[in-house]
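**Student:** Under the working numbering, the sequence shown has 145 at position 144, and the numbering climbs by one with no breaks.
Do not rely on the hints blindly, as some may be mistaken.
The calculated DSSO-like cross-link candidates involving lysine-lysine, where the alpha carbons are at most 30 Å apart (straight line), are [claimed, not checked]:
1. 58 - 26
2. 103 - 125
3. 75 - 132
4. 75 - 45
5. 111 - 26
6. 90 - 34
7. 9 - 45
8. 102 - 9
9. 103 - 9
10. 9 - 75
11. 102 - 75
12. 103 - 44
13. 111 - 99
14. 111 - 9
15. 34 - 44
16. 102 - 132
17. 99 - 125
18. 27 - 58
19. 45 - 102
20. 90 - 132
21. 9 - 58
22. 102 - 44
23. 107 - 27
24. 107 - 125
25. 34 - 121
26. 103 - 132
Simulated restraints on C-beta separations [to be verified]:
27. 107 - 40: 30 to 36 Å
28. 87 - 134: 25 to 31 Å
29. 42 - 120: 14 to 20 Å
30. 56 - 9: 41 to 47 Å
31. 74 - 108: 27 to 33 Å
32. 4 - 88: 26 to 32 Å
33. 122 - 78: 39 to 45 Å
34. 127 - 76: 20 to 26 Å
35. 100 - 30: 28 to 34 Å
No wet-lab data here; the hints were simulated from the structure. A virtual CB, placed ideally from N, CA and C, is assigned to each residue, including glycine.
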Amino acid sequence: MDTFSPQKRSSIMRQVRSKDTSSEKKVRSILHKLGFRYTLNNKKLPGSPDIVLPRYKTVIFVHGCFWHRHLGCKRASIPSSRQEYWLPKFERTVARDKSAKKQLHKMGWKVIIIWECELKYHEKLSLRLQKISTNTCKVNRKVRAATSAIIKMRQ
């Protein structure tokens, strides 16, 4: 049984945002401080990623643990009322997330998922985000080295 009246519950649910959430803003702030430049909610990409780093061909989804069912997280609880509504809704969300991630990988994009509960570990998250440029640079160096080796072989 819900502890709120239907009107109060409706009001609460209307306040749940799909973009520009406080979690997204925190991640964007960290990225900006690290020197990254990005675009937001690119509707041309599958899943409309929250943050897109075109230079690094990387997208970031900032997932709420409750809505996107973060396994093992206490925030991913199942409401006790109307489970016949909630369970299929959660299943669709997880399936949509999985599909978007798969499509993005096929298109050559790296996908990073940041869970709402990870935001409390600011330093750990900053280190994880710093690796975006490091990993890309390593890949680019390997590609350049392979390309120059091929060119030398042809000469």
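**Student:** Next, verify each hint and record whether it holds.
**Tutor:** Okay, the hints, checked on the actual structure:
no. : hint                 : in the structure
1   : 58 - 26              : holds (20 Å)
2   : 103 - 125            : holds (26 Å)
3   : 75 - 132             : holds (28 Å)
4   : 75 - 45              : violated (33 Å)
5   : 111 - 26             : holds (21 Å)
6   : 90 - 34              : violated (36 Å)
7   : 9 - 45               : violated (36 Å)
8   : 102 - 9              : violated (35 Å)
9   : 103 - 9              : violated (38 Å)
10  : 9 - 75               : holds (24 Å)
11  : 102 - 75             : holds (24 Å)
12  : 103 - 44             : holds (16 Å)
13  : 111 - 99             : holds (14 Å)
14  : 111 - 9              : violated (40 Å)
15  : 34 - 44              : holds (25 Å)
16  : 102 - 132            : holds (19 Å)
17  : 99 - 125             : holds (25 Å)
18  : 27 - 58              : holds (21 Å)
19  : 45 - 102             : holds (14 Å)
20  : 90 - 132             : violated (34 Å)
21  : 9 - 58               : violated (42 Å)
22  : 102 - 44             : holds (14 Å)
23  : 107 - 27             : holds (29 Å)
24  : 107 - 125            : holds (28 Å)
25  : 34 - 121             : holds (17 Å)
26  : 103 - 132            : holds (22 Å)
27  : 107 - 40: 30 to 36 Å : violated (21 Å)
28  : 87 - 134: 25 to 31 Å : violated (39 Å)
29  : 42 - 120: 14 to 20 Å : holds (19 Å)
30  : 56 - 9: 41 to 47 Å   : holds (45 Å)
31  : 74 - 108: 27 to 33 Å : holds (29 Å)
32  : 4 - 88: 26 to 32 Å   : violated (20 Å)
33  : 122 - 78: 39 to 45 Å : violated (21 Å)
34  : 127 - 76: 20 to 26 Å : holds (22 Å)
35  : 100 - 30: 28 to 34 Å : holds (29 Å)
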